[in-house]
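So the sequence lines, in the order shown, correspond to chains X and E. For what it's worth, my numbering labels the leading residue of the first sequence as 87, then goes sequentially. For what it's worth, my numbering labels the leading residue of the second sequence as 380, then goes sequentially.
Bear in mind the hints are in silico, worked out from the structure with no lab data behind them. Note that CB positions come from ideal geometry on N, CA and C, so glycine has one too. Accuracy of the hints is not assured; some may be wrong.
To be verified - Partner residues are not named here, just some residues of chain E that face chain X (Cβ under 8 Å, in silico): (1) Asn381; (2) Leu386; (3) Arg402; (4) Asp458; (5) Ser613; (6) Ser615; (7) Glu616; (8) Ala626; (9) Phe630.
Claimed, not checked - The list that follows gives simulated cross-link-like pairs (lysine-lysine, DSS-like), each with its CA atoms no further than 25 Å apart: (10) Lys133/X x Lys586/E; (11) Lys521/E x Lys157/X; (12) Lys133/X x Lys390/E; (13) Lys586/E x Lys137/X; (14) Lys390/E x Lys145/X; (15) Lys710/E x Lys244/X; (16) Lys710/E x Lys133/X; (17) Lys244/X x Lys207/X; (18) Lys157/X x Lys382/E.
Next come the chains, spelled out residue by residue.
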Amino acid sequence: MILFDHVTKSYSGDKKPALDNVSLHIEANEFVFLVGKSGAGKSTLIKMITKEEMPDEGKIIIGGIDLDYVKKRHIPHYRRRIGTVFQDFKLLPTRTVYENVAFALEIAGMSNREIERTVPKVLDLVELSDVAYKFPDNISGGQRQRTSIARAVARQPKILIADEPTGNLDVETGQGILDLLEKINDYGTTVLVTTHDANAVNHLKKRVVTLRDGKIVSDQKEHGIYRLDGDNDGFSLPQPGHLHPETYLMRDQRKQPPRRRLIQ
Amino acid sequence: MNKKSTLNRLKIMAKTGGGHFFRQFARIFKYGAIGFGRNIWLSLTATIVTTLTLILLFATIVAGSVLTSTANAMREKIDISIFFESDTTKEDLAKMAETIKKDSNVKSVEYSTSEEEYEKLYQGYKDSDNQSMLTTLGIVGKEMMIQRQPAAMRIKVYNTDDLSSIKNIVNSDEDFIKHLSKKEDPTYNTNSSAIQTISSWADIATKGGTALSILFLVISTLVIFNTIRMAIYSRSEEIYMEKLVGAGNAFIRGPFLVEAMMSGVFAGIISTVLSLIGYFTLSPRLEAYEIQVGNINTFLAEPKNIILLALAAILTGSVITLISARLAIHKYLKHF
Chain X
87 MILFDHVTKS YSGDKKPALD NVSLHIEANE FVFLVGKSGA GKSTLIKMIT KEEMPDEGKI
147 IIGGIDLDYV KKRHIPHYRR RIGTVFQDFK LLPTRTVYEN VAFALEIAGM SNREIERTVP
207 KVLDLVELSD VAYKFPDNIS GGQRQRTSIA RAVARQPKIL IADEPTGNLD VETGQGILDL
267 LEKINDYGTT VLVTTHDANA VNHLKKRVVT LRDGKIVSDQ KEHGIYRLDG DNDGFSLPQP
327 GHLHPETYLM RDQRKQPPRR RLIQ
Chain E
380 MNKKSTLNRL KIMAKTGGGH FFRQFARIFK YGAIGFGRNI WLSLTATIVT TLTLILLFAT
440 IVAGSVLTST ANAMREKIDI SIFFESDTTK EDLAKMAETI KKDSNVKSVE YSTSEEEYEK
500 LYQGYKDSDN QSMLTTLGIV GKEMMIQRQP AAMRIKVYNT DDLSSIKNIV NSDEDFIKHL
560 SKKEDPTYNT NSSAIQTISS WADIATKGGT ALSILFLVIS TLVIFNTIRM AIYSRSEEIY
620 MEKLVGAGNA FIRGPFLVEA MMSGVFAGII STVLSLIGYF TLSPRLEAYE IQVGNINTFL
680 AEPKNIILLA LAAILTGSVI TLISARLAIH KYLKHF
């Protein structure tokens, strides 16, 4: 579902590349944590998935789409197929919870009737029905993040990217958010969560990919206990012999993972 | 293989993810209208600046037109009057008119015999119901009056500043010398200094006003551009978020353009109302000074012309604000 093949990215003025020959393959229906300290390259990797940044070298294939061929005019359509959740929520402050979720459907051209039918179901899924008509400033941080998730999943994307979704939340609220992301993953959505929060990683016990100085230093499919400090020596480095992009694309097209509708 | 399959997928996405044009247009309009109210200070600023620009534009056009027609009217009044003895015949006058017409500065020549001059005078008093003068004419008697009344030739010229060639003909041509009135000298009633003043005002009003209007158009475009740019800057996070959620450029730009256009439409309406109030308040005073406002009064007497004027103002206002907003948002859409 997500493939990075020897991807390198440097920003002008930086001595070291933000991503250095990164190869990563995330299967459909997987739940993956991308961990690393600030500056490790997590955000750059996310920005490449959302096509805010382009790699200097290497290939990126998302959901069967080779990003090399996604032109500017395709970007809005492409992004509508990916749900994105941010640490700072990025909600429209002058619109209610309901309107924030509806916005994602409006830009996709959904009819008002469909929107009126869909939004309450999404809000029900994220347990926000009782604050539907409140403004973001009048709800808690956890509820704001749920709103952000509701907006991201309203169009039932195959991929959900969450960039530090628990970063601004207390442990308990953060765990609630992670449980919600797991629930979404259970319905067949591929979920990629970046974090530097060890609690978050240990809470769900999923695959953990560790980035350090722009390189993948560990890809832990069998979950151990992740430590924020230390050298992560307990994790094995990614194995060589990644699938070639062509092979991946063909395989991705053939292989349809079991997927239930998130919103009926 | 990668390219073909990617392009196929993107094609399907574009086909299924667009939405009905009118539905999206209505949504853009709705968000624009909401934005206009939400950013009321920005909206007010843009509206006021555009209104001032449009009023200035209206004033320039009116001033240019009024002063030009006043100068023209005054030019029309200018003539050279040459008087002849009362026994000068129509044929004599025609011959002299032919002679004077040969001068390139002569625009037109009119002439009348003593009798015709008397009839004009009499008709003039009759029309103005000037009983005392009519009584006097009656007492003096028509025959006597015709004998006293000189025949006249009225000449209009192109260049009021140089009448030497005409004077030369009048003073040297045989026919003129023979028939010129001994009682009344020719009058060279040019008022050229007054006309020159008004002409130069008209020129200043037209040229200076146009320059000033262009300057104001540029200033208002810049002011609106910067105000909108600041507003967009404060909302850049929103634009960023909208782009990441998959909003197309048209969907993001649209509401800003609608907001700006609403300022232009309101400015057009307000400036038309204020300009008309100002004009109708001032025009009687201008008329008192013999400033020609007739053309504009005739134009504004037609209700459809007032509607046309309002539409022109709305269109101009919208164009100014739309260009400003388009320029302001371009940078942000390009950036994300």
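**OP:** Please write out, lowest number first, the hints stated earlier that are contradicted by the structure.
**Re:** As far as the earlier hints go, 4, 5, 6, 10, 11, 13, 15 are violated by this structure, in ascending order.
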